[in-house]
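Colleague: So you can see what is in the structure, the chains are spelled out below.
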Amino acid sequence: MASLVSVLIDGIIYSSYLFIIALGLTLIYGVMKILNMAHGSLYALGAYVAATLIGAWFNAGLNPYGSLALLALSALLVGVIAGPIIERGLLRFMYGKDEIVLILVTYSIFLILEDVIKLIWGVESYTAFQPYGLLGNIDIGALPYTVYDALLVVVAVLVGVAVTFVLTRTRQGKLLVAVIHDREISAAMGINVGRVYFITFTIGTMLAALGGALIAPKVSVVPAMGVEVIVLAFAVVVIGGLGSLPGAALGALIVGLVRSAAVHYLPEVELFSIYLVMALVLIVRPKGLFSAAEARKI
Amino acid sequence: MNTRRKLVTVATASALALGLAAFAAPASAQEKEKPIRIGVVTFLSGAAAGPFGVPARNGAEVAAEALNGGKVPAPYTAAGLGGAPIELLFVDEAGGTTKQVNEFRNLVQRDNVDLVIGYISSGDCLAVAPVAEELKRLTVFFDCGTPRIFEDASYKYLFRTGATATMDNTAAALYVTEMKPALKKFAGINQNYAWGQDSWNDFEAAMKVLKPGVDMGTSQMPKLLAGQYGAEISALLTSGADVVHSSFWGGDAEALILQGAPRGLFKKSTIVMTAGEPTLVRLGTQVPEGTVIGARGPFNMFAPDNELNRWFRKAYEDRYAVVPSYPAYKMVQAILGVKAAWEKAQAANGGKRPSQDQVIAAFENLSFEGPGGKVDMALGKGHQAVQGTAYGITKNVGGKVTVVNVKRYPASRVTPPDGVKSEEWIKSGFKTAK
Amino acid sequence: MKADRTPLWLGIGLAVFLGGGWLIPAWAQSLAILALGKGLVVLGLLLLMRCGLVSFGQGLYYCLGAYAAVSISKIFNLPPSLLTSDAVVMPLAGGIVAGAVAFVLGFLLANYRSIFFAMLSLAFSMILYGLLIKMSVLGSSDGFNITYGTAAGIRLAPGAHLFALYAVSVAMVFAALLGAHRFLSSHTGRLGPAIRDNELRVEYMGASVRNVVHLNYVAAAVLSGVGGGLVALSIGHIDPDLAYWTTSGEFVFVAILSGTTNVAAPFLGSLIFEWIKSVAYQYTPYTWQLVLGVALLLVIMFLPAGLWSLFGRRGKGA
Numbered sequence: 280m281a282s283l284v285s286v287l288i289d290g291i292i293y294s295s296y297l298f299i300i301a302l303g304l305t306l307i308y309g310v311m312k313i314l315n316m317a318h319g320s321l322y323a324l325g326a327y328v329a330a331t332l333i334g335a336w337f338n339a340g341l342n343p344y345g346s347l348a349l350l351a352l353s354a355l356l357v358g359v360i361a362g363p364i365i366e367r368g369l370l371r372f373m374y375g376k377d378e379i380v381l382i383l384v385t386y387s388i389f390l391i392l393e394d395v396i397k398l399i400w401g402v403e404s405y406t407a408f409q410p411y412g413l414l415g416n417i418d419i420g421a422l423p424y425t426v427y428d429a430l431l432v433v434v435a436v437l438v439g440v441a442v443t444f445v446l447t448r449t450r451q452g453k454l455l456v457a458v459i460h461d462r463e464i465s466a467a468m469g470i471n472v473g474r475v476y477f478i479t480f481t482i483g484t485m486l487a488a489l490g491g492a493l494i495a496p497k498v499s500v501v502p503a504m505g506v507e508v509i510v511l512a513f514a515v516v517v518i519g520g521l522g523s524l525p526g527a528a529l530g531a532l533i534v535g536l537v538r539s540a541a542v543h544y545l546p547e548v549e550l551f552s553i554y555l556v557m558a559l560v561l562i563v564r565p566k567g568l569f570s571a572a573e574a575r576k577i
Numbered sequence: 244m245n246t247r248r249k250l251v252t253v254a255t256a257s258a259l260a261l262g263l264a265a266f267a268a269p270a271s272a273q274e275k276e277k278p279i280r281i282g283v284v285t286f287l288s289g290a291a292a293g294p295f296g297v298p299a300r301n302g303a304e305v306a307a308e309a310l311n312g313g314k315v316p317a318p319y320t321a322a323g324l325g326g327a328p329i330e331l332l333f334v335d336e337a338g339g340t341t342k343q344v345n346e347f348r349n350l351v352q353r354d355n356v357d358l359v360i361g362y363i364s365s366g367d368c369l370a371v372a373p374v375a376e377e378l379k380r381l382t383v384f385f386d387c388g389t390p391r392i393f394e395d396a397s398y399k400y401l402f403r404t405g406a407t408a409t410m411d412n413t414a415a416a417l418y419v420t421e422m423k424p425a426l427k428k429f430a431g432i433n434q435n436y437a438w439g440q441d442s443w444n445d446f447e448a449a450m451k452v453l454k455p456g457v458d459m460g461t462s463q464m465p466k467l468l469a470g471q472y473g474a475e476i477s478a479l480l481t482s483g484a485d486v487v488h489s490s491f492w493g494g495d496a497e498a499l500i501l502q503g504a505p506r507g508l509f510k511k512s513t514i515v516m517t518a519g520e521p522t523l524v525r526l527g528t529q530v531p532e533g534t535v536i537g538a539r540g541p542f543n544m545f546a547p548d549n550e551l552n553r554w555f556r557k558a559y560e561d562r563y564a565v566v567p568s569y570p571a572y573k574m575v576q577a578i579l580g581v582k583a584a585w586e587k588a589q590a591a592n593g594g595k596r597p598s599q600d601q602v603i604a605a606f607e608n609l610s611f612e613g614p615g616g617k618v619d620m621a622l623g624k625g626h627q628a629v630q631g632t633a634y635g636i637t638k639n640v641g642g643k644v645t646v647v648n649v650k651r652y653p654a655s656r657v658t659p660p661d662g663v664k665s666e667e668w669i670k671s672g673f674k675t676a677k
Numbered sequence: 009m010k011a012d013r014t015p016l017w018l019g020i021g022l023a024v025f026l027g028g029g030w031l032i033p034a035w036a037q038s039l040a041i042l043a044l045g046k047g048l049v050v051l052g053l054l055l056l057m058r059c060g061l062v063s064f065g066q067g068l069y070y071c072l073g074a075y076a077a078v079s080i081s082k083i084f085n086l087p088p089s090l091l092t093s094d095a096v097v098m099p100l101a102g103g104i105v106a107g108a109v110a111f112v113l114g115f116l117l118a119n120y121r122s123i124f125f126a127m128l129s130l131a132f133s134m135i136l137y138g139l140l141i142k143m144s145v146l147g148s149s150d151g152f153n154i155t156y157g158t159a160a161g162i163r164l165a166p167g168a169h170l171f172a173l174y175a176v177s178v179a180m181v182f183a184a185l186l187g188a189h190r191f192l193s194s195h196t197g198r199l200g201p202a203i204r205d206n207e208l209r210v211e212y213m214g215a216s217v218r219n220v221v222h223l224n225y226v227a228a229a230v231l232s233g234v235g236g237g238l239v240a241l242s243i244g245h246i247d248p249d250l251a252y253w254t255t256s257g258e259f260v261f262v263a264i265l266s267g268t269t270n271v272a273a274p275f276l277g278s279l280i281f282e283w284i285k286s287v288a289y290q291y292t293p294y295t296w297q298l299v300l301g302v303a304l305l306l307v308i309m310f311l312p313a314g315l316w317s318l319f320g321r322r323g324k325g326a
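Chains as they are written, first to last, in this note's numbering: chain A, 280 to 577; chain B, 244 to 677; chain C, 9 to 326.
Source of the hints: derived by calculation from the structure; they are not laboratory data.
All residues carry an ideal CB built from backbone N, CA and C; glycine is no exception.
Hints may be right or wrong, so weigh each one.
Stated by the list, open to error - In silico DMTMM-like cross-links for lysine to aspartate or glutamate, where the CA-CA straight-line distance does not exceed 20 Å:
#  : chain 1 : residue 1 : chain 2 : residue 2
1  : C       : 82        : B       : 666
2  : A       : 376       : C       : 205
3  : B       : 624       : B       : 600
4  : B       : 399       : B       : 376
5  : B       : 466       : C       : 205
6  : C       : 82        : B       : 395
7  : C       : 142       : A       : 547
8  : B       : 277       : B       : 308
9  : B       : 428       : B       : 395
10 : C       : 142       : B       : 447
11 : B       : 466       : A       : 547
12 : B       : 428       : B       : 485
Claimed, not checked - Where chain A lies over chain B, by a calculated footprint (3+ residues, C-beta under 8 Å):
#  : region
13 : 287-297
14 : 320-334
15 : 476-484
16 : 543-557
Stated by the list, open to error - A short list of chain C residues far from chain A (calculated; beta carbon distances all over 12 Å):
#  : residue
17 : 18
18 : 79
19 : 121
20 : 157
21 : 172
In isolation and in its complexed conformation, chain A is listed as follows (with noise of 0.2 Å):
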């Protein structure tokens, strides 16, 4: 029988995986109130470019650790290049149509990228798997694990803590809580809400992108990778709260938990355990774990 400490183990990993991803869609939703389905394919087109830059990294025989860096890179020029381009040429013209629409613009979005990653990279599979192995292996508990996916751990940690702190005690950030909170009256009090949603979607891309990044030397990078994230993603954003980023953290610990413990356990249950868990979550608190109390209008 597994030991309880490798489902811990094993779930804390996939969470920290899951979180990053979900946190920029939180975030998205919470300053936009756009639910970006999108966002599976810029975690896509981090892991490509991620795994181009590393692949081209080791046939130019450089440093094998630098390759590390090269994946916070690879999410920051997604992040600095996509993001603008999708929100600046696109979105910004759709705000103010129904969430649904907005939706669906972000759905159109994600149909045109997954054509145009295929159009650059093809259909065959990129793996960039050097970085994976290169810290070695740990063993925790019995079992081995790579020091990569420690490593994981700690970059979502040091994400999560980072986003917090600049969202509650740099002058930007305050300006975005304040935005999400009630986004009418921070533009009557002088609040470029223009900018403020250009720099989320900008932060939120490149979030996906760096989850998609820290993925890519693990997994062989294929066409469509975007499509199982998004629900995934959504599952724990629904469950945490939307636009609430301790709610992102517990989401996804607890769906990583969840499924570890039924790989572990009760393999057979492992297909449905998410959407069970979602539905559970639901009915019980039916806006998500951590809501705020919302005002209603009358």
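Got chain A sorted already, so can you dock chains B and C onto it with the hints?
Modeller: Chains B and C only, in chain A's frame:
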């Protein structure tokens, strides 16, 4: 210019978008015969495109071009099919069964193809089979693995030139029990959909018959395309299994290797990858030594050293700079099977172009040669092919990956006889006599 | 007030479609059945959208409609009967089963709105998907084939199957259209947009918001179930993909494409969508998703009330 040629050019022009070399339209100096239009359906997008669909399509292009130029070794030296040039019409198998049934109807009723070759996904095969009968168009399945097609029903217009997945998993069980007589425990990690479930069920049943009393450790069934197998690998490591069975393919197979190898999974247990050959082609020496690999038949490194194989490998490698994997072999096998049947029917028809019914009659119970060796259409009332298979273990020699300890299994050992369902046959202890 | 001419138009339309069906080629009939069946699902979505709800889980009922009749007979080992191989009974049975499930789930779902309604409905459809994948008696992810030999008990001549199914689809769609039109003009039907605008006021005025939402939910489910049954018969094969979230997403896509102005809009939207997909597949097999995405964006940007606004002068959504 011939409008039909324009149609093929449009279809292949889209291939240019991926930077592939332009497909030179088949040049046929003596064009006394009307071209034969073949609809080819295989995955051109999505996760199955890279490992299966694109090699299959490439195989089709190589075969069609060589056939039209009369460059294929005996007994296939006639140009095209019996002198008539081949024209290929490619359709993407992505989009789900509803879409595929519609596209099949379009191919037959709107595009008027003479026959259809294709289908990798078992779901698509099952959905298209009755439609082929309804529309009365010769259809050849080249790859899908479900035994249900000819075990559940009989068909007149439908043929399958590839063996079923039962063969893969039965042979895998035979191989590991022969290789590791002291085997005590086995486990599995398979994708949670029909292919993975059937593969695992066949393997598990076969193991229980071959080694009564063997323990089953854990059967992991992650979602198709899950990509991340950290927890599953932990569970497999904990189980202490001697052998781990996996029918993983494509990105999932690669991820399993990339995530499992650093954690020592491949050292602790012997992993059997029943459809692992394309992954071997892709990952090369990254596949850990000591992994048991199958190619779903005598293909690629398991192919016999005959002239057809030598021709095919050279032609494919010259064009695509990579070794052909089993989907390419199976596609060529299907095309050559059609050619053999067509030309046999044509000879019986006094050299005139045969009718579809004549081709079908010639195809039934046919034996023909392919780059993988001999193929006998011996099951499903002469519509389902049987072929032996082989398994081997990976070993890195001089910086390149090879397979050693190759064991071959003739069809009779690994395929149920006509009229017996795969599941029953395994559970009965592989009874061949009826 | 002008006399309600819609039933008249619907009757004329029915005659035109049935008559015209004889003339169009077989592949067009198949395409039409697909568009009509899927259009029914979108019609159900239209009902929900008028209440301000978007369901990302209609795939649940679409799939139930397809699987219901045949699953019951397979699981309980019943002989192929009127229930499973009749072009009229099978979709209706699917609709009834879907409606029954919706009645139960509706008690829960009627309490949710906007994103949470969407996600919860998605969760239920994915749970069905997971269940079906696990059931090897139903063929797991490969599904199984279905055939039909009769229509409303009348044995069909070989070769007449396709047109019979086409006729049945047309008849069911026009019946649904008439029903929807009547419903939306009725008192309960008119409460939909009111609920979307301001629930509290509707409650204050004495109507029960929960009941109206529940009713609309069940109606949408029945329509989806019937649609699922028709499409299943046309394709001849069903598999769990019918319940996957991307299938539901496609229906929402078509719903926005069509707009909510008129009950006939979903069918036009569905037909155009199937046609665009077919054309994209044929001419751009490598980039059909791009074509679809761009098409959707164009519609959203330039035809915010959906395709139907091309026809009506009243462009505003109902």
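Colleague: If any of the earlier hints don't hold here, list their numbers in rising order.
Modeller: Numbers 5, 9, 14, 16, 19, in rising order.
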